[in-house]
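Using the supplied hints, reconstruct the complex from the two chains, each of which is provided in its own coordinate frame.
Each chain is listed here by its residues.
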Amino acid sequence: MTPEELKKVQVAKTVDARGTACPGPLLEAKKTVGTIKSGDIMEVLSADEGTKSDLPKWCAKQGHEYLGTIEENGYFKVFMKKK
Amino acid sequence: MEKKKLCIGLYSGSVDKLTAAGIILSGAVADNMHVDIYVLLQGARAFRKDIGDNPDKLQMAENPALKAEFLQSLKTLKVKTWVEFFRECKTISEVKIHICGLAGKIWGAEKLDDFIDIADDICGIGAYITATQEADVNLFI
Chain Y
233 MTPEELKKVQ
243 VAKTVDARGT
253 ACPGPLLEAK
263 KTVGTIKSGD
273 IMEVLSADEG
283 TKSDLPKWCA
293 KQGHEYLGTI
303 EENGYFKVFM
313 KKK
Chain P
859 MEKKKLCIGL
869 YSGSVDKLTA
879 AGIILSGAVA
889 DNMHVDIYVL
899 LQGARAFRKD
909 IGDNPDKLQM
919 AENPALKAEF
929 LQSLKTLKVK
939 TWVEFFRECK
949 TISEVKIHIC
959 GLAGKIWGAE
969 KLDDFIDIAD
979 DICGIGAYIT
989 ATQEADVNLF
999 I
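Which chain is which? The protein sequence lines are Y and P, in order.
With the first sequence counted from 1, adding 232 to any position gets you my numbering.
With the second sequence counted from 1, adding 858 to any position gets you my numbering.
Next up, chain P with everything else stripped away, as it sits in the complex (with noise of 0.2 Å):
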């Protein structure tokens, strides 16, 4: 059977919306979905190797003054950081991430090194709208 295909435009790079971005990728490999994520603008700085899992240098994109309080309780309940979920699972199905060319560059990180090692490839937009129509499934983070 055909795997079904996830394509997430993930925009964001504050740390509320990518934990939430790692959760639902963890759904979809438990489904076994190809999944196309594609990093766009504030998410590419994220994917900056230099900032990553690094809370302190990630916004909340709600509730910012709750973000120690949500930290916590992400620690207490042994719930992964969104590199982690987002690690894991690219070994269980096929989960490819491709950083927006431009948006890698407006933060200053150009090529593939400059990410963290889950990135894939830099591609340019027409391989996102591309993606897009070719999902089965298309969400915008």
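One chain only, chain Y, in its complex shape (with noise of 0.2 Å):
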């Protein structure tokens, strides 16, 4: 998706983990990817460079689907899809 279209999607949780550096924001996703129901978007919070790349592969090994990552001012905001 265009970072245009990340911003207007419905996310039904955000996970803030922009206070941890590796692993935390991949363990905060798989924490939190539990609470929500199939179908529903996720975005993770992180400034953790690592996470850019963790986060798109984490999703294609468990099914989940990747839609984009949007660059913040001094984060960024990872969003997926649950399967």
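Hints were generated in silico from the structure; no laboratory data involved.
Incorrect hints may have been included.
[Said to hold, decoys possible] Per label pair, the in silico range of CB-to-CB distance: (1) Lys969(P) to Gln242(Y): 49 to 59 Å; (2) Gly251(Y) to Lys907(P): 23 to 33 Å; (3) Lys289(Y) to Glu952(P): 30 to 40 Å.
Each residue gets a CB set at the ideal place from its N, CA and C atoms; glycine is no exception.
Laid out in structure tokens, this is it:
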């Protein structure tokens, strides 16, 4: 999805992992995805560069759909749809 | 789908390698792996109840002169301690921690109760070897 499209998606849950370094964002995503329904969208906020590659790969392995990443001021948002 | 199995032979009892083990473990549980950790010689000492998360009682495997800097960086970056990593991972996926009986005895700890409460059982080397044969991935730290 384009950044413009991502800004408009309905997010079911936001994971704010900006205060943590790797593997914090990945673990928080793993814990939170279990609390949302299939088809729901989750966004993960992170300032950890490794998260940008970790989460898309994790989505691919777990069967979730990686929707894209938006850069913000000093952090970024990673969007995914639960399988 | 059957879960992939990771088997870790955790020989080290140094704070830097234990932290690395905790980070690797986090990645494994995020991937829904079933993890068996076999705590061997030096590792068993670190798992003793009176040692665990006390960095004053743990050495660094490498760059020992930088231990204070290393610990301060972990704190600044809000990285969990090795025990916190292990404890959290046990709540996320199937992680079993087995302490080598001989290793425990070497360090004066014989009963499960002598170790931090994340340890699941005390085992012999046969259990570790069997687990290595059954695992999809083996690591020795």
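Status of the hints after comparison with the structure:
A hinted range of 49 to 59 Å for the beta carbons of lysine 969(P) and glutamine 242(Y) is consistent with their spacing of about 54 Å. Our hint of 23 to 33 Å for glycine 251(Y) and lysine 907(P) holds, since their Cβ atoms are close to 30 Å apart. For lysine 289(Y) and glutamate 952(P), the Cβ-Cβ distance of about 22 Å falls outside the hinted range of 30 to 40 Å, so the restraint is violated.
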